[in-house]
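Listed below, chain by chain, are the residues.
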Amino acid sequence: MTPVSGGYAVDVPTINVSERARGEHATIWSTFRAFAVTLRRLFTSLFKGDIPTINYPEESRPYSERFRGTHILTVRDDGSLKCVACYMCATICPAECIYIEAGEHPNPEIEKFPTRFDIDMMRCIYCGFCVDACPEEAIIMSREHHQSVYERSETIYGIEKLMARPGIDAKGPGYRPNRPMAEAKIFKKQEQQTCPFPSHIEERHPAVLYESMIRRRG
Amino acid sequence: MPKVTINGQVYEAAKGKTIIQVADDIGVQIPRYCYHPDIGIEGSCRMCLVEVKSAPKLLPACATPVTENMDVRTDTQRVHEAVRYAMEFLLLHHPIDCPVCDQSGECWLQDYYMAHAGHDSRYPLGQKTRRRKAFNLGPLVKLDQERCILCTRCVRFTRHVTKTNEIQVFNRAHNSEIGIFEDRPLNNPYSGNVVDVCPVGALTSADFRFKARVWFLKGTDSVCAGCSTGCNLRIDHTARAAGGGIPGYTATDGKIYRTVGRRNVEVNKSWLCDEGRLSFHTLERWPRLRQASVRGKQQPVSALLPVIHANFESVRSDHGDDAVAALASATNTNEGLFLMKKYFKGRLDFRLGREVEQYQQQQDELLRRYDKHPNTHGALDLGLAGGLGGLRRLRDLAEKKEVRGMWISFHPQLVGEDAPEIIEDLKRLIEALEWSVVCTTHDFGWAHEADFLLPMAAWAEEKGTYTNYAGRVQIANRAVMPAGDAEPLHVLMAELLNLSGVEVPTDPAAIFEWIASEVPGYGGLDYDAIGPSGAAVAPVPEEVLR
Ligand code: SF4
Ligand code: SF4
Ligand code: SF4
Ligand code: SF4
Numbered sequence: 001m002t003p004v005s006g007g008y009a010v011d012v013p014t015i016n017v018s019e020r021a022r023g024e025h026a027t028i029w030s031t032f033r034a035f036a037v038t039l040r041r042l043f044t045s046l047f048k049g050d051i052p053t054i055n056y057p058e059e060s061r062p063y064s065e066r067f068r069g070t071h072i073l074t075v076r077d078d079g080s081l082k083c084v085a086c087y088m089c090a091t092i093c094p095a096e097c098i099y100i101e102a103g104e105h106p107n108p109e110i111e112k113f114p115t116r117f118d119i120d121m122m123r124c125i126y127c128g129f130c131v132d133a134c135p136e137e138a139i140i141m142s143r144e145h146h147q148s149v150y151e152r153s154e155t156i157y158g159i160e161k162l163m164a165r166p167g168i169d170a171k172g173p174g175y176r177p178n179r180p181m182a183e184a185k186i187f188k189k190q191e192q193q194t195c196p197f198p199s200h201i202e203e204r205h206p207a208v209l210y211e212s213m214i215r216r217r218g
Numbered sequence: 219m220p221k222v223t224i225n226g227q228v229y230e231a232a233k234g235k236t237i238i239q240v241a242d243d244i245g246v247q248i249p250r251y252c253y254h255p256d257i258g259i260e261g262s263c264r265m266c267l268v269e270v271k272s273a274p275k276l277l278p279a280c281a282t283p284v285t286e287n288m289d290v291r292t293d294t295q296r297v298h299e300a301v302r303y304a305m306e307f308l309l310l311h312h313p314i315d316c317p318v319c320d321q322s323g324e325c326w327l328q329d330y331y332m333a334h335a336g337h338d339s340r341y342p343l344g345q346k347t348r349r350r351k352a353f354n355l356g357p358l359v360k361l362d363q364e365r366c367i368l369c370t371r372c373v374r375f376t377r378h379v380t381k382t383n384e385i386q387v388f389n390r391a392h393n394s395e396i397g398i399f400e401d402r403p404l405n406n407p408y409s410g411n412v413v414d415v416c417p418v419g420a421l422t423s424a425d426f427r428f429k430a431r432v433w434f435l436k437g438t439d440s441v442c443a444g445c446s447t448g449c450n451l452r453i454d455h456t457a458r459a460a461g462g463g464i465p466g467y468t469a470t471d472g473k474i475y476r477t478v479g480r481r482n483v484e485v486n487k488s489w490l491c492d493e494g495r496l497s498f499h500t501l502e503r504w505p506r507l508r509q510a511s512v513r514g515k516q517q518p519v520s521a522l523l524p525v526i527h528a529n530f531e532s533v534r535s536d537h538g539d540d541a542v543a544a545l546a547s548a549t550n551t552n553e554g555l556f557l558m559k560k561y562f563k564g565r566l567d568f569r570l571g572r573e574v575e576q577y578q579q580q581q582d583e584l585l586r587r588y589d590k591h592p593n594t595h596g597a598l599d600l601g602l603a604g605g606l607g608g609l610r611r612l613r614d615l616a617e618k619k620e621v622r623g624m625w626i627s628f629h630p631q632l633v634g635e636d637a638p639e640i641i642e643d644l645k646r647l648i649e650a651l652e653w654s655v656v657c658t659t660h661d662f663g664w665a666h667e668a669d670f671l672l673p674m675a676a677w678a679e680e681k682g683t684y685t686n687y688a689g690r691v692q693i694a695n696r697a698v699m700p701a702g703d704a705e706p707l708h709v710l711m712a713e714l715l716n717l718s719g720v721e722v723p724t725d726p727a728a729i730f731e732w733i734a735s736e737v738p739g740y741g742g743l744d745y746d747a748i749g750p751s752g753a754a755v756a757p758v759p760e761e762v763l764r
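If you read the protein sequences in the order shown, they are chains A and B. 33 is the number that this note's numbering gives to position 33 of the first sequence; each next residue is one higher, with no gaps. 466 is the number that this note's numbering gives to position 248 of the second sequence; each next residue is one higher, with no gaps.
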């Protein structure tokens with residue numbers, strides 16, 4: 001088996017393909033030689049336990065720490081979303097697949113938080129620019145990359161799906177370049193059973209505000 | 219006229235002008251925070267310092283009048299350093315929370331920092347003075363004291379422009395802060411303007427706050443349709459699809475997010491009233507009419523227009539020309555009204571209520587007028603206040619069966635509400651008519667009584683001109699696409715005219731040329747001559763007003 005370190009193969013021998021092709025004449029002997037390779041592999045894996053295949057998807061190869069898989073929204077110590085809805089990620093995103101709606105946070109020091117944060121994973125090109133752009137380390141990436149769903153709409157991840165996904169634990173986070181600058185936590189379902197969204201969202205639909213102004217002015 | 223040299227170039231300047239005014243006129247950039255052309259001089263931000271030969275110290279350009287042979291330099295090392303130090307002081311305790319600040323993207327601190335400062339802060343972040351964040355000054359305005367740079371533009375706005383004095387500077391020196399008295403919220407009818415004048419993110423609009431980042435928005439110059447004053451404004455709307463391909467909320471046809479005042483010294487200076495500023499929300503107040511229908515059955519507009527034309531023709535041939543009439547409103551553009559007049563051969567009226575009496579009456583000293591229609595003057599210029607006598611009289615005529623078929627274009631008032639008696643009269647009018655076409659913007663219940671229902675583009679969805687109370691014709695541009703199948707009135711009318719055999723363009727600029735060739739006072743004008751700030755037309759003759 002090719003030695004693997006950090007997800008990448010090392011010490012892979014170089015093969016000159018044209019030379020190899022010249023040596024491989026399509027004769028009966030090369031056919032037998034191929035059988036011999038197959039049998040040797042069969043016996044080594046049967047008796048020596050050296051099995052190069054794995055039971056994907058139950059098992060998978062280790063991925064790089066910088067793997068750019070589906071995103072994670074990180075949380076503060078109190079479990080609330082770290083994102084301040086600054087739209088930096090939506091601005092940089094070359095695929096224009098991030099949709100944010102911002103609301104007034106009950107704490108004026110934080111001021112802003114996303115009432116809606118959707119990423120269209122089918123549109124995302126996993127470039128990681130959003131993670132680079134985020135000033136809060138509020139969005140990082142995971143090592144998950146499966147998109148096996150029954151409907152297209154399920155690939156649009158909302159806040160809850162971006163915050164807490166089973167499987168983050170097993171695989172761990174991926175691309176996270178701003179770690180030295182900001183420390184963000186990953187939401188754990190075991191600690192808190194419900195997603196702690198700020199419950200207080202100020203109701204100020206423009207039409208409502210407008211009506212109240214008209215009434216006030218007579 | 220004194221001769222002034224600015225950066226080595228000699229200019230003639232009007233006497234009494236300040237250096238910054240002359241520089242603005244000739245396009246030399248001088249940075250400033252506290253100076254605003256419409257609210258007077260303060261000289262507190264020290265950003266506009268310039269070097270004047272013969273003056274030992276740098277002089278504030280906003281407060282120094284030009285004199286004969288003045289030699290001004292705005293580009294010397296001394297000036298650059300002075301501006302840089304002013305910026306450093308202004309940013310000393312600034313929180314720099316640009317990511318969550320609504321102003322970012324159009325913030326003068328950001329712009330001038332990039333252009334003139336570029337320093338690293340010498341003050342550790344944790345030691346900056348903290349002040350009160352994000353609290354209401356009034357129903358429309360929020361203040362963040364940390365971000366305020368104490369330019370006092372807002373204070374001077376309430377002192378000199380609205381004369382209501384709600385906003386004040388409290389305390390002294392480092393403790394100075396902007397605020398209001400507890401029992402006097404900022405609720406004058408022009409309060410939204412302080413958000414426009416605030417050069418930084420200290421004052422933000424409660425209506426627009428967090429709705430969108432400004433760099434996603436596109437600005438389209440337009441004119442407010444809230445009343446007959448016709449204030450100039452800029453409509454900020456989505457320019458591209460927000461949210462990419464996410465189904466359901468991709469804004470493909472654009473959405474208006476806010477309007478801001480556009481400077482026009484002849485009309486509104488830089489101001490807008492709050493009702494006008496928020497008037498675009500009126501368009502969201504009722505569901506929009508998206509499809510044409512005949513007695514409840516949906517039909518494409520293109521299939522309906524020939525039927526409508528044939529019906530008008532048959533009413534005319536059965537009962538004479540006078541049995542057909544039309545009613546528009548003074549919220550329609552000159553272009554729409556003019557073509558309508560052509561198609562209905564002058565049997566068109568626009569008076570729903572008391573527009574003609576009110577359109578020049580001021581509601582307050584500043585901007586607002588009682589007539590909440592933007593184009594009453596234009597409709598009068600087009601000669602639409604003729605013998606039909608307005609909505610009430612048309613209703614009587616219809617009840618007497620003198621008028622049998624009518625086209626009714628209804629655009630709701632953007633400010634306030636249409637009087638209930640207008641709606642009542644419209645209902646009775648439709649009931650009395652033998653057959654009727656209602657062309658309107660929203661899905662009003664009463665409109666369904668009509669035989670034909672056509673969707674019409676609303677303000678900001680069509681391009682056209684309005685003539686304001688003082689006879690200034692101004693262009694309102696299209697910012698967003700009309701809802702559903704809606705078409706601007708002038709397009710519908712152009713198609714009807716084409717059906718009746720008159721070749722008419724659908725381009726509003728071309729229609730306006732036709733207006734200019736026929737309507738007295740508009741001669742010689744075209745869209746280029748009107749431009750972004752409008753052009754005055756000759757006054758309405760007295761006998762038309764009577
Ligand atoms: S990874 Fe790239 S494409 Fe995907 S959401 Fe982030 S910025 Fe957009
Ligand atoms: S995830 Fe980061 S970059 Fe995106 S809106 Fe939230 S704080 Fe801003
Ligand atoms: S006022 Fe300007 S510099 Fe200050 S936080 Fe807001 S955008 Fe940034
Ligand atoms: S709130 Fe804005 S306009 Fe008022 S003084 Fe402060 S920075 Fe100037």
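Just so you know, not all the hints are guaranteed correct.
Partner residues are not named here, just some residues of chain B that face chain A (Cβ under 8 Å, in silico) [what the hints assert, rightly or not]:
(1) Pro283
(2) Val318
(3) Phe428
(4) Arg431
(5) Ala603
It is worth saying that the hints were derived from the structure and are not from the lab. Using N, Cα and C, we set each Cβ at its ideal position, and we do this for glycine too.
Here is what the structure says about each hint:
Because the beta carbon of Pro283 (chain B) sits about 41 Å from the nearest beta carbon in chain A, more than 8 Å, this interface hint is broken. Look at Val318 (chain B): its Cβ gets to within about 4 Å of chain A, closer than 8 Å, so that hint holds up. Interface hint status for Phe428 (chain B): upheld, as the beta-carbon distance to the closest one in chain A is roughly 4 Å, under 8 Å. The beta carbon of Arg431 (chain B) comes within 5 Å of a beta carbon in chain A, closer than 8 Å, and the hint placing it at the interface holds.
Annotation: Ala603 (chain B) was flagged as interfacial toward chain A, and the flag is violated, the nearest CB pair being 29 Å apart, outside 8 Å.
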